[in-house]
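Participant: Which chain is which? The protein sequence lines are A and B, in order. Under UniProt numbering, the first residue of the first sequence carries the number 1, and numbering increases by one thereafter. Under UniProt numbering, the first residue of the second sequence carries the number 1, and numbering increases by one thereafter.
Keep in mind that the hints were calculated from the coordinates and are not lab data. A portion of the hints provided could be inaccurate.
Copies of one chain are not kept apart here, so a pair can be met inside one copy or by any two copies together.
Unchecked claim - Under the rule of at most 30 Å between Cα atoms (straight-line distance), these lysine-lysine pairs were calculated in the DSSO-like manner:
1. K35 with K386
2. K70 with K565
3. K322 with K296
4. K386 with K322
5. K67 with K95
6. K503 with K69
7. K386 with K232
8. K70 with K503
2 protein chains.
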Amino acid sequence: MGKRILIVGGVAGGASVAARVRRIDGDAEVIMFDKGPHVSFSNCSLPYHLSGIVENSADLVLMSPEKFKKQYDIEARVNSEVVHINRDSKKIAIKNLITGEQYEESYDKLVLSPGASPILPRNIAGIDSQHVFTVRNVVDIEKLNGYIVENDIQDVAVVGGGFIGVEVAENLRLAGKNVSLIEAQNQIMAPFDFDMAQILHKEMMDNGINLILDDGVQAIADDAIELQSGRKIAAQAVVMSIGVTPETSLARDAGIEIGVTGAIKVDHNYLTNDKNIYAVGDAIEVYSQLTHKPTKLALAGPAQRQARAAADHMYGMPHNYKGVIGSSVVQVFELGAASTGLNEKTAKAADISCDFVYIIANDKVGLMPDSNPMHFKLIYEYPTGKILGAQAIGKGNVDKRIDVIAAMITMGGTLEDLKELELCYAPLFGTAKDVVNYAALVGLNLLYGRFQQVPVTKVRELVEKGAYIVDVRETGEFARGHLVNAVNIPLSELRDRFDEIPKDQPVYLHCRSSQRSYNAVMALQNAGYANVVNISGSFLGICLYEYVQDCTTGREKIVTAYNFK
Amino acid sequence: MGKRILIVGGVAGGASVAARVRRIDGDAEVIMFDKGPHVSFSNCSLPYHLSGIVENSADLVLMSPEKFKKQYDIEARVNSEVVHINRDSKKIAIKNLITGEQYEESYDKLVLSPGASPILPRNIAGIDSQHVFTVRNVVDIEKLNGYIVENDIQDVAVVGGGFIGVEVAENLRLAGKNVSLIEAQNQIMAPFDFDMAQILHKEMMDNGINLILDDGVQAIADDAIELQSGRKIAAQAVVMSIGVTPETSLARDAGIEIGVTGAIKVDHNYLTNDKNIYAVGDAIEVYSQLTHKPTKLALAGPAQRQARAAADHMYGMPHNYKGVIGSSVVQVFELGAASTGLNEKTAKAADISCDFVYIIANDKVGLMPDSNPMHFKLIYEYPTGKILGAQAIGKGNVDKRIDVIAAMITMGGTLEDLKELELCYAPLFGTAKDVVNYAALVGLNLLYGRFQQVPVTKVRELVEKGAYIVDVRETGEFARGHLVNAVNIPLSELRDRFDEIPKDQPVYLHCRSSQRSYNAVMALQNAGYANVVNISGSFLGICLYEYVQDCTTGREKIVTAYNFK
Chain A
1 MGKRILIVGG VAGGASVAAR VRRIDGDAEV IMFDKGPHVS FSNCSLPYHL
51 SGIVENSADL VLMSPEKFKK QYDIEARVNS EVVHINRDSK KIAIKNLITG
101 EQYEESYDKL VLSPGASPIL PRNIAGIDSQ HVFTVRNVVD IEKLNGYIVE
151 NDIQDVAVVG GGFIGVEVAE NLRLAGKNVS LIEAQNQIMA PFDFDMAQIL
201 HKEMMDNGIN LILDDGVQAI ADDAIELQSG RKIAAQAVVM SIGVTPETSL
251 ARDAGIEIGV TGAIKVDHNY LTNDKNIYAV GDAIEVYSQL THKPTKLALA
301 GPAQRQARAA ADHMYGMPHN YKGVIGSSVV QVFELGAAST GLNEKTAKAA
351 DISCDFVYII ANDKVGLMPD SNPMHFKLIY EYPTGKILGA QAIGKGNVDK
401 RIDVIAAMIT MGGTLEDLKE LELCYAPLFG TAKDVVNYAA LVGLNLLYGR
451 FQQVPVTKVR ELVEKGAYIV DVRETGEFAR GHLVNAVNIP LSELRDRFDE
501 IPKDQPVYLH CRSSQRSYNA VMALQNAGYA NVVNISGSFL GICLYEYVQD
551 CTTGREKIVT AYNFK
Chain B
1 MGKRILIVGG VAGGASVAAR VRRIDGDAEV IMFDKGPHVS FSNCSLPYHL
51 SGIVENSADL VLMSPEKFKK QYDIEARVNS EVVHINRDSK KIAIKNLITG
101 EQYEESYDKL VLSPGASPIL PRNIAGIDSQ HVFTVRNVVD IEKLNGYIVE
151 NDIQDVAVVG GGFIGVEVAE NLRLAGKNVS LIEAQNQIMA PFDFDMAQIL
201 HKEMMDNGIN LILDDGVQAI ADDAIELQSG RKIAAQAVVM SIGVTPETSL
251 ARDAGIEIGV TGAIKVDHNY LTNDKNIYAV GDAIEVYSQL THKPTKLALA
301 GPAQRQARAA ADHMYGMPHN YKGVIGSSVV QVFELGAAST GLNEKTAKAA
351 DISCDFVYII ANDKVGLMPD SNPMHFKLIY EYPTGKILGA QAIGKGNVDK
401 RIDVIAAMIT MGGTLEDLKE LELCYAPLFG TAKDVVNYAA LVGLNLLYGR
451 FQQVPVTKVR ELVEKGAYIV DVRETGEFAR GHLVNAVNIP LSELRDRFDE
501 IPKDQPVYLH CRSSQRSYNA VMALQNAGYA NVVNISGSFL GICLYEYVQD
551 CTTGREKIVT AYNFK
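Isolated chain A (complex conformation) (with noise of 0.2 Å):
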């Protein structure tokens, strides 16, 4: 008789966990329980169904317990609810949800891969509605599409900007709906720092969102929402997607230890503080490699990692942990916005000390057809120059670029590692001089004291302050939208107009994307100007920036012209 594993829930974690064992041990007695109908369904892709991206929700469930029985001889019971754990007899006791009765199975092995469920906070009035819904499976998000189908429902709320709202938001949008995006912080997307969202909050008023930032849902009437600030939002159906919690009541029950972070701790192989309880996927706590502290991260491929390593361990193969480093990608209309790593917020939450570098470039050769400004942010160590992470927004490949700086963060790299890094090139699929690469050779000349600069977030400040601010751009672009009391000198006039820059002020540069306003810098440096400061993100970060501040704040303008080409 081989060893009896129970698996409690299915998807990225127990699924992994069941069809590695399986490759491992033909003789292996495995069962997994799911509460659900579905053991096995594309998370991901859930909120493609609203907009028919995925027509068929059917299409959503990957295998059915059939499948399983068939290809693996996996045993999966849906409508299964794991209700408690024996682990002295190591018994378990499942609920079926459909008879309600109620039974045993012993282990040799358990495996805990309960996922997290949506939060709901009791205290929103209304929160129970029927049109108040959450997307966590297949269910719900049929539930969710069934139920603005057949109302014809035309006004959605969705609140929270995460991952799951934005996603929701956007896919509502495709479909046509009116979609209110409402979150309580400053900006959405949490993975970017401020500046990065954004570039992402413009997208969505692009698109057509009414994006409404720094507001809570007080209450959740028939057809609206009332807002914190008073505000009334007008929604027939509200998503609720402000984040997600650990599944660990029933671990918790067990007497299975639970960490700092509130999910279930696990040692290197996923094991609980019982040997022979694993617990894998988006209920346990993981170990941030760059902030050496303990965190939770609710991403598929780490859940497919953490699964294959409690299956290894159980057959005594050993598994190399490095801890996570958080790594992740979202669609938004026609932008694609990536991050891995730290951003400059959670660095510097962590006490490390960093420095960033923000350019904008070209994802591909201008001249080919689809090139577009990339929006890139790398953030490293000071004075090591060890990366840290990077975030990438724009119409290209960013997804690549923060795979290589994923991999880079992994294998201890540096600017200096990063800089040489020889990468494919050809006019159609990037520069010959990468983002990445571009990013830093930037990093470098900051690290080394060779230029310095300040953040768009700043130039408002710049400005009011009456700031001595140079626009190196050519006049022609200097026409089409400029900084209000900025000085035109383009980059080639620069040499022969020194004497018009003052000496005995610090002087501000920006062109369009930092380029020409860093080979001015450094003509200014190379000329004996002493304080001469490079604006990062340029005048392309400074539009955007100001430009989603002025719509969301509706405060005084800077710019004369937005110009965001």
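Add chain B to chain A, keeping to what the hints say.
Facilitator: Only chain B this time, still in chain A's reference frame:
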């Protein structure tokens, strides 16, 4: 007075040295000399003028001498050939190709960036005809395109299936021409192994290119090419792209040392044997960090990095030289084809002990629009598991996967590292277990001796000798095309049909893409079968390989019907 820096040749190497020097040193006198009328143009974009993707050839020119002067205070002298170097007096002799005038300029530092010129074998009759072209610069591509347009040429022969040959052939085909691509070797695109090259061959043929392999040019007549086989190919225009040779005559005449590869020898600061003369770009010899041998690498990215390092060295700034790995990508109609590091051929030629993984995996979640199979081959050192190289071909983001591998190679990564890599995932961008993670997992299973594989290139031999081959796809899939003599036992029935499978001989397995057959291999091994072998690449790989071989050699079929889905 600043340094006087003279540069022979512009584009990626020379122009980058000039710009970097200017940023470091406002006082340096910088003069670039170029034989041609352009000092800065998008080399790699040249072929795209033939299809009209770059409609206006003037757009290929990036910076005019006037702009170099105004923006960077760099003098660019075009139509100016440097004909002699006097190392003792530190002077060069320049010939003005317009006026015929010859004069001298003195230097403190001289940079050679003469590039490489297309090879034109003198022994081919007709090689000097006016309808024989090469593609090196803007003038060349204007001449070629002009000739085709003015004479309404319909039949063009492209000789040589490297990057330029393939891109020229594709762009001419996109322009509606009848294009023959003639390659003397048995495959195009040397960075790819023979098995991977078949995918490119099929794409060429599917798009109407007359692909001729294993045949060379004997003679060029006015409207046809005669091949060494005696075959005649209609061609009223011929593009020679069989390779390039470093331009070394100027250096050689001046006693600059030439390396074993025939290119200019430089140290790790790109200094030649003369401490006042640097050399960069396609004319120099570089060091392979993988074979630990000198090599040549005619690519734009490395040229730019060499340029920066040389300029930095002039000003005492150090450069961390790691050696090259060689990363590249090319578009072949609907397919991208990228590679980095060593392939099976080059690793074996360098006597490096290696093994490989060949997988065919979805580039994104199957439910999403434009999800396609990606062919991926990973080469690793045996027995260390160190990653040596990779090749990716498909409609999806091949460059992303190869850039990740390039980063891993540069950082000394192994299969274990690659397996754990946290890449960003969303259904529109990839799969939770990305192609590269998946390849690492397969590689580790091989490395640890968990299963055996045989490549698609050996399947014919297996079929011919009557090997026992099990196709574990479902019966419906089998019916649409299969190997002759293969036994169909679907994975879903395998565990009930073990007794049909002999234990006394090797059992070879395949499915569509290798995932099911891998599970079948493990199931058989767990059931006590001692000699079970997975066919790497599986039916998709077999189909492709055999189809192309059948087309090019006309041999007997071993697949009942091709099924590339």
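Participant: All the hints need checking, so say for each whether the structure fits it.
Facilitator: Going down the list of hints, with the structure as the test:
With identical chains, the CA atoms of K35 and K386 are never at most 30 Å apart, being 45 Å at best within one copy and 43 Å at best between copies. In this assembly of identical chains, K70 and K565 lie within 30 Å of each other by CA distance solely across copies; the values are 24 Å between and 56 Å within a copy. For a Cα distance limit of 30 Å, the shortest separation of K322 from K296 inside one copy, 15 Å, qualifies, whereas the shortest one across copies, 37 Å, does not. For the identical chains of this complex, K386 and K322 are neighbours both inside a copy (17 Å) and across copies (18 Å), given an alpha-carbon limit of 30 Å.
Taking CA atoms no more than 30 Å apart as the test, K67 paired with K95 passes inside one copy only; the shortest distance there is 23 Å, against 77 Å between copies. In this assembly of identical chains, the alpha carbons of K503 and K69 lie at most 30 Å apart only when taken from different copies (25 Å versus 78 Å within one copy). Proximity of K386 and K232 under a CA criterion of 30 Å is satisfied in neither setting, with 47 Å inside one chain copy and 60 Å between copies. Taking the shortest Cα distances, K70 and K503 sit within 30 Å of each other only across copies (22 Å), while inside one copy they are farther apart (79 Å).
Comparing the model with each earlier hint shows violations of hints 1 and 7; every other hint is respected.
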